[in-house]
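Undergrad: Okay, here's what each chain looks like letter by letter:
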Amino acid sequence: MRRGYIRNMEPLKILTDAQVQIIHRGTLDILEETGVRFESERALKMFKKNGCIVNFEDNRVRFPSYLVEECIRKTPSSFLVKARDPKDNLRFGGNTLYFMCSAGARISDPKTGETRIAKMKENNEAVLISDALKNLDYFPSYTPYFEVEGVEPIMLCPTSCAMRLRYSSKVSRGAQAADSYIWETQIAQACGAQLLGNMEAASPLSYSEDAINAGFGYAKAGFPIYIAGGGVMGGTAPVTIAGATISNNAELLAAVVFFQLIKPGVGIIANDIEYPMNMRSGSPAFGSLGISLHEAAFNQIWTQFYKIPTNNCAAGFPNSKSFDLQSGYEKTHCAMTSAYSGANSILLHGGVSAELAYNPLMAIIDDDLAAIVGKHLEGIVVDSESMAIELIKEVGPIPGTYLDKLHTKNYWRRENYVPKCADTLTYPEWITSGKKSAIDYARERMEEILATHKPIPLTSGQNKDIDRMLKEAKKYYKDKGML
Amino acid sequence: MSSDILDDLYRAVLNLNSKDAEHLAKKSIEEGVDPLKSAEALTKGIREIGEGFAKGDLFLPDLVLGSKVLQKALPVIQAEIKRQGKKANIKGRVVIGTVFGDMHSIGKGMVATLLLSSGYEVIDLGVNVKSTVFIKAVKKYNPDILAMSALLTTTAYEQKNVVKDLISKEMRDKIKIIVGGAPINQEFAESIGADGYAPTAPLAVTLVNKLLNLDQEE
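Going down the list, the sequences are from chains A and B. Just so we're aligned, residue 6 is where the first sequence starts under this note's numbering, counting upward by one. Just so we're aligned, residue 3 is where the second sequence starts under this note's numbering, counting upward by one.
Hint data in this document are derived by calculation from the structure and do not stem from the laboratory. A portion of the hints provided could be inaccurate.
Unchecked claim - Below, computed lysine-lysine pairings styled on DSBU-like, alpha-carbon distance capped at 35 Å:
(1) K93/B <-> K57/B
(2) K178/B <-> K483/A
(3) K39/B <-> K88/B
(4) K268/A <-> K18/A
(5) K476/A <-> K162/B
(6) K483/A <-> K132/B
(7) K166/B <-> K124/A
(8) K485/A <-> K141/B
(9) K162/B <-> K483/A
(10) K126/A <-> K87/A
(11) K132/B <-> K480/A
(12) K162/B <-> K124/A
(13) K138/B <-> K480/A
(14) K162/B <-> K326/A
(15) K21/B <-> K89/B
(16) K479/A <-> K138/B
(17) K28/B <-> K46/B
(18) K485/A <-> K166/B
(19) K485/A <-> K142/B
(20) K87/A <-> K483/A
(21) K50/A <-> K132/B
(22) K70/B <-> K162/B
(23) K171/B <-> K485/A
(24) K124/A <-> K178/B
(25) K124/A <-> K132/B
(26) K70/B <-> K171/B
(27) K469/A <-> K162/B
(28) K476/A <-> K139/A
(29) K116/A <-> K440/A
(30) K84/B <-> K39/B
(31) K312/A <-> K268/A
(32) K166/B <-> K479/A
(33) K124/A <-> K480/A
(34) K162/B <-> K126/A
(35) K176/B <-> K485/A
(36) K176/B <-> K89/B
Sequences and hints are given; from them, build the entire structure.
TA: Next comes the structure, spelled out in structure tokens:
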């Protein structure tokens, strides 16, 4: 099982306990009075049978508070996801922090920085690079690229899932669009892996039929589930962080009830991807202050109060279009806030230009950021060895030195992190070695990974199964007139 | 009296006050104010909001609330224009909507409002609009422009389906089609047989002006 990083400190509390209670009561009020729309007769019937008030005219489900709280209690505080190789299994929850690969519609070309549609070879290389990165623990759906040259849009999700499983042994999340779950489930099972199932709300307070069908499908397959909202504060959620938290929590708790009714005890990770709106463009304000404040409140409520594991997305989608100061501070303030407030997973590696591009060089640099954030979270060792009182007495004042002491040799690595892609040279060295930046180091590392890294291979039978399933998926979409 | 009401109508838009605007629209009719002048007062207000947005002084909430004011007041005036047998002074008619399977409304709403503020009549079909509904609206309203929005890669191809359906019903050549949304680009627009694409809402107005040969007037 992947270790991840272990938080060794109390998580940040951005809300008082009284504020958490008020927000929770507000959420229950919305669920009971306003309800959530589910575009699925099958789901509506299930809710009605279990004590919800269901209006079959407007597909609205109103949830009694006792049921919501019962389902929160049924949701485990930690759960296992099986990868195709046990060394890559994940156990979400508790004090563990994992990092998830980010994503982008297109490739941000590692040579030019220009954004264009990725070729299949580039898609697979990006997966292989992610497989090699030590601090990247798993993949979301349809990643790294939402568009791949030569792949019809409707075939993107199953094809992308197949390539992730082929070029990496790490866990993947399934997608929910257009019955993709049927093929992704079969592909994962053929590889001996579970997926992290998926059901995402359409804010405000709605679930589409596609999402619900995927939810039923993934639950039936016995997979643990990733649930997500995705409101834009000021557009599809209230503009205030407290209001957006209530609206988002209502969407997600409706999903918690949905899954606990289908399969009591199923593991759930709740994602936060609630952005303020950019009031010039109407787009989500990626990388902004509002999202990291929202995530801090979200993590406190979900991991500390509901005891349900969380993922945060903000750090993975900086607004900056390139590797620059903006991208650095946007990623770092979001990742640090998520980590300190108790997130169990952070989407981080490779995102550039909001959700519109992914760059494997950025993923390599982000692996250093993940290590720094993770090691921060592990805190400081305070024991007789680390306090070094006897040593301080032994070394005394100048000319005493610690460099020739075993204590230094033994502990310097544990107490620090040496980034793999940072420029740490002196100025003269930097000049004589060609003025290399972090990006140059990342490029060298990328070339090395591509030349040497070999993912754990699938068997030829598994590869054949994948190809057959993709053919079947194509036929399915053709028969439905979607291809 | 008439100029007072016209001024109040104009200010109701600037103040983003739907209730006042609707009330004043009805009052202007009762008092026999020329509905063409009332329509001009309303569009003058939304035009100023559009200009403020373009300059960066105003933001999306102003634009959207301004549009809401017009949606309340303008139909009242338009009905009166029709009743009196007059012809509204518009640059052209646009039918707009977000395609089937896609619930995103913000970008589409921005384009609709900026077109409205630029003097176009806009029929907004909303979100999740089926091809059959687009076709029906084109038949009913006979627009100059059909504008379609899609924010998802998976729904972008629904724009193509609408174009195909228009061709099969021999309606394609009667209108100009423009498309927009995050996954759309010029290359995609051309590939599905659209007449134009714009990456932003203000540029969508420029595009419509150009397609209708009105760009010299701007």
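Undergrad: Hint by hint, which ones does this structure get wrong, listed from lowest number up?
TA: The structure conflicts with no hint, since it agrees with every one listed earlier.
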